[in-house]
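Colleague: The C-terminal residue of the sequence shown carries number 405 in my numbering, and the numbering is unbroken.
Since the hints were derived computationally from the structure, they do not count as laboratory data. Treat the hints with care, as some may be off.
[Said to hold, decoys possible] Result set (DSSO-like, lysine-lysine): computed pairs, CA atoms no more than 27 Å apart in a straight line:
#, residue 1, residue 2
1, 209, 150
2, 341, 229
3, 184, 166
4, 143, 184
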Amino acid sequence: MLHNRHKVEENIQWKMNSGSCSFWWDNWLGIGPLARFSSSSNRLNNTKVADFWVNGQWNYEKLLQQAPTNQLANITAIEIQTQREILDQAYPEVTKKGMDTINHIFNNGPFATYVWKSFAAGAGIITDHTSLHQLILQWWTAKYRNEAHKLHLQATPIFICWNLWKNRCTTKYGGKQSNMSRVKYAIYKDNYKLMTTCFPQVRWPATWKDLISWEKCSHDTKVTPVIWKKPPDQWAKLNTDGSALNNPGRIGAGGVLRDHTGKVLMAFATPLGEGTNNQAEVEAAIFGITRSLEIAYRNIFLEVDSQLLVEWITKSTQPPWNINTQVNKLHMLIRQTQQFKCKHTYREPNCVADELSKHSHRISTPQVYLNSQQIPKEAWAYYQLDKQEVINFRRKKIKKIKEPP
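With the hints as extra help, turn the sequences into a complete structure.
Modeller: The structure is reproduced here in structure tokens:
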């Protein structure tokens, strides 16, 4: 590193702010270090440019004593704009041909610009070549659709810069001509290898256009027809649901009890204070079964959209300790029924209970409804659809591309 230091410094020019750069050894004039133009012993010290300023002006007397005589005109021609709080800044110096700068190689040179645009167009990115930093940020902050697309947007700028640099070195030191097709293909292959490594379960296509289309793919959607089914004769079906504005946060419960004809026997909406979503689900079932028993319905078919609640009721899994008391209370109520069934359902056939649970956040005391005319209009609309056995459709996104292994 020290061996190559002088070569690097030859391509650095300093912009003066507070005059903190070296008077003798830093290239602040644009012609190289002043030490080259002097054999005086003064050049061996660590004098800064600011040491030759007095009250924001050049100290001509000190310059005459120490600075190279043949450079006095160049030195005094530089206008001093003192910014004491800002250190002097080093910048890569443009070569005589105006070519091999960082920005030219990686960003705004004709070759680099064409490569960036070739890949940005397919990715839906409008490139901004004001700076390399800004250009890369455009890729890294672009909106992604899935994990593979995210990885692609983060990796492609790195692959582009790497292959532009390889092309430059191959041209300068390897005796080969610069080749656009070779660079573009290498960038695609790097992307392809990355994707096949991270997502081996996906058969990635063999062209860039198809590759980017796959990475931005929308999820497949599985559509399942669902319907609320009436209970058997002599049974009453109880649909309940819990609602939490935050988890934990304000919670509420709602539910509806219907007979084998679909007629509303009882419905309810009740605020529950503060708690978790799981607490709301359990309390909704407790409230619903309690009211059902009070009006003498003992053959109860409980239907909920919480798979966890079904597992706690059937004792296939243990509930969390903080709701164990409520689950035990629920089991005690179930033992008071004559016949009991419990089943998980999808959210779509449970819309009446869902709307009643949401309504609980708009009231301050429990509300019990004894017929369909009393229930809130939002829940009533879903009740009418259920009564007429209108089919609903459950849409579920299926990931083509899953998380990396």
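Colleague: Are the Cα atoms of residue 209 and residue 150 separated by 27 Å or less?
Modeller: Satisfied, since the Cα-Cα distance of roughly 17 Å is no more than 27 Å.
Colleague: Within a Cα-Cα threshold of 27 Å, do residue 341 and residue 229 meet the stated pairing?
Modeller: 14 Å, holds
Colleague: Would you check the hint for residue 184 and residue 166, treating anything up to 27 Å between C-alpha atoms as holding?
Modeller: 12 Å, holds
Colleague: Given the hinted pair residue 143 and residue 184, is their alpha-carbon gap at most 27 Å?
Modeller: 24 Å, holds
Violated hints are absent here; each numbered hint is respected by the structure.
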